[in-house]
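Protein chains in written order, with the numbering used here: chain A, 1 to 140; chain B, 1001 to 1139.
Hints are computed from structural coordinates only; laboratory data are not their basis. Predicted model, so just to flag it, every value in this text is computed and none were measured. Just to be clear, a hint being listed does not mean it is correct.
[To be verified] Heads up, incomplete: computed chain A residues facing chain B, CB under 10 Å, no partners named:
id, residue
1, Thr-11
2, Gly-86
3, Tyr-97
4, Ile-110
5, Leu-114
6, His-126
All residues carry an ideal CB built from backbone N, CA and C; glycine is no exception.
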Amino acid sequence: MNFETLMWLFTRLSALAMYVLLLAGVIGALIMGARNQMNLADVLRWAFTSKRHSCAKHKRARSGPLGDTFLENCRQFTVFTAAAHGLHGVLSVLDDYFAQPRVRVLFRVIITILMPVLSAIGIYVHLDFIGRCLNEYSSI
Amino acid sequence: MARERNVGVIQGLRYQGGGPQTAWLLHRISGLGIVLFVTAHILASFLGGDLGQFINKIYESWWFQIIVIFCALFHGINGLRITILDLWPKLIEYQREAIWVEWFVFLPVFGLAVIVIVRTAWEVRMAQNREACLSINAA
Chain A
1 MNFETLMWLF
11 TRLSALAMYV
21 LLLAGVIGAL
31 IMGARNQMNL
41 ADVLRWAFTS
51 KRHSCAKHKR
61 ARSGPLGDTF
71 LENCRQFTVF
81 TAAAHGLHGV
91 LSVLDDYFAQ
101 PRVRVLFRVI
111 ITILMPVLSA
121 IGIYVHLDFI
131 GRCLNEYSSI
Chain B
1001 MARERNVGVI
1011 QGLRYQGGGP
1021 QTAWLLHRIS
1031 GLGIVLFVTA
1041 HILASFLGGD
1051 LGQFINKIYE
1061 SWWFQIIVIF
1071 CALFHGINGL
1081 RITILDLWPK
1091 LIEYQREAIW
1101 VEWFVFLPVF
1111 GLAVIVIVRT
1121 AWEVRMAQNR
1131 EACLSINAA
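Model the full structure from these sequences, guided by the hints.
This is the structure:
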């Protein structure tokens, strides 16, 4: 099994993993009492980013059996999985249109650099957003 | 690995691939769309400022949410089909049927999402109008 086969398998398995993470986010939000004022954006937000910042709207369960750690880890895992899946997808699209070995290596280098950078920026932005929401919540 | 192939994009689109080709094309477009939109959204939130707010205002507008939902839903549902057929290769015989099932799942869910998005946008607009009227009356 070479690297390309491994990434082929990763693309499939990460798709399944994202389904699991998505369901964990939605079911977790429902268990923790998300009931009213739901809309599609909120559901997607919980699905991909767990519940912390929905606390401002749903004043419940900041501790509990499904406390911070589990869903926080789910969210960060989702960000990394999605970034790897998506950027590798871009690479396989580029491979379809660029055949020169040098160009392909160049794209691989660029994607490898982008992957951790974009993941880190995504997680930073989100933590910042949660922080602001929690400030809002505590000032209510 | 298609290293020495010489087929242009237009030529490729003329290939009569039917349902599976449509699914492949939409999967590719929606995947690139998700990467582009989500990256733009994240970078705009990170950079902030006028440009960031401008980008995120577009991202959060109702018509753009419909595009994003289309990309995410189609990529997700079609991706599940690809995963299932790839991990159980014997099922590839039923690829066309699988694509029918896929559209059968996708269309109602997407339609529901569009209805909810449009209705929510409409309610927000109405509430804004009401507030504007009230503030005019108050003045």
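Going down the list of hints, with the structure as the test:
1. Of the supplied interface hints, the one on Thr-11 (chain A) holds, with its beta-carbon coming within about 8 Å of a beta-carbon of chain B, less than 10 Å.
2. For Gly-86 (chain A), the interface hint holds, the least distance from its beta-carbon to any beta-carbon of chain B being 5 Å, beneath 10 Å.
3. For the restraint placing Tyr-97 (chain A) at the interface with chain B, the shortest Cβ-Cβ distance is roughly 8 Å, inside the 10 Å limit, so the hint holds.
4. Residue-level restraint check for Ile-110 (chain A) is violated (minimum Cβ-Cβ distance to chain B is 13 Å; threshold 10 Å).
5. Residue-level restraint check for Leu-114 (chain A) holds (minimum Cβ-Cβ distance to chain B is 9 Å; threshold 10 Å).
6. With a cut of 10 Å, the hint placing His-126 (chain A) at the interface with chain B holds, because the nearest CB-to-CB distance is about 9 Å.
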